[in-house]
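*Asks:* Keeping the supplied structure of chain A fixed, place chain B upon it in accordance with the hints.
There are 2 protein chains.
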Amino acid sequence: MISLNFTKSEQGLLPAIAQDYVTGDILMLAYINQEAWEKTLATGKAHYWSRSRNKIWLKGETSGHVQLVKDILVDCDEDTVVFKVEQLGAAACHKGYGSCFFRRVDGQALTVVGERVFDPDSVYKK
Amino acid sequence: MISLNFTKSEQGLLPAIAQDYVTGDILMLAYINQEAWEKTLATGKAHYWSRSRNKIWLKGETSGHVQLVKDILVDCDEDTVVFKVEQLGAAACHKGYGSCFFRRVDGQALTVVGERVFDPDSVYKK
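Heads up: the protein sequence lines correspond to chains A and B, in order.
Counting in the working numbering, the final residue of the first sequence is number 126, and the numbers go up one at a time with none missing.
Counting in the working numbering, the final residue of the second sequence is number 126, and the numbers go up one at a time with none missing.
Bound conformation, chain A alone (with noise of 0.2 Å):
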């Protein structure tokens, strides 16, 4: 298995960037432990370390937005990866966008550039 530079954060945590493997548009960063590393390569699913819920994340576990991992790439310092991903369901972000990345800076103010393609409320249940 590929090792990754783990140890060069504190909690052991590592940023993935989910990257559409067609249009080359970033979807989402999250973070990996080497659990979630292990899984992704072993499953062929994008998994990661959700922060808040301190848990291993299966991507799309919830809405169902699972992300097959079609290459994976590793940077100089093997510190960061990139996840060329199909995002099934079309859409990466818990708000309904289709990435994460659905405002641009424009001057003082966030432009929203994204298209939302789902209603979080209706996925997520309260």
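Be a bit skeptical, because a hint or two may be false.
Since the list gives no way to pick one copy over another, a pair counts as held whenever it fits inside one copy or between any two copies.
[What the hints assert, rightly or not] Derived lysine-lysine pairs resembling BS3-like cross-links, with alpha carbons at most 27 Å apart:
no., residue 1, residue 2
1, K8, K95
2, K95, K70
3, K55, K39
By construction, these hints were calculated from the structure, which means they are not laboratory data.
Remember, it's a predicted structure, so these values are computed and weren't measured experimentally.
*Replies:* Quick look at chain B alone, frame taken from chain A:
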């Protein structure tokens, strides 16, 4: 000025992804603090916080490979940004490659898929 959630990290650092504004290639990931964010917005050149040197870092200050920021995307949690850049010198990586993500996971090995643009020894004098 657009506010980011710098308090999300204990060190006040957030990840910034540099992406080629034409090709969509992910060039590198580095970290920004409030000062790097302000300097980037004010100058239009990507500034980061160097964790190894513990100082503000104008990307390209040594190599001349400055990143001209064409657009900035902010994520749903305001704790990660994408700098869409024109990479001067055609190389973002200190190892001489266009992108820091110049290797892909190929089974149990990493295969070089990026192109080397310059020789680091000739750019970073010892």
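*Asks:* State for each hint whether it applies.
*Replies:* Against the structure, the hints:
no.: 1; hint: K8 - K95; verdict: between (31 Å within a copy, 19 Å between copies)
no.: 2; hint: K95 - K70; verdict: both (24 Å within a copy, 26 Å between copies)
no.: 3; hint: K55 - K39; verdict: within (13 Å within a copy, 36 Å between copies)
Taken one by one, the earlier hints all hold for this structure without exception.
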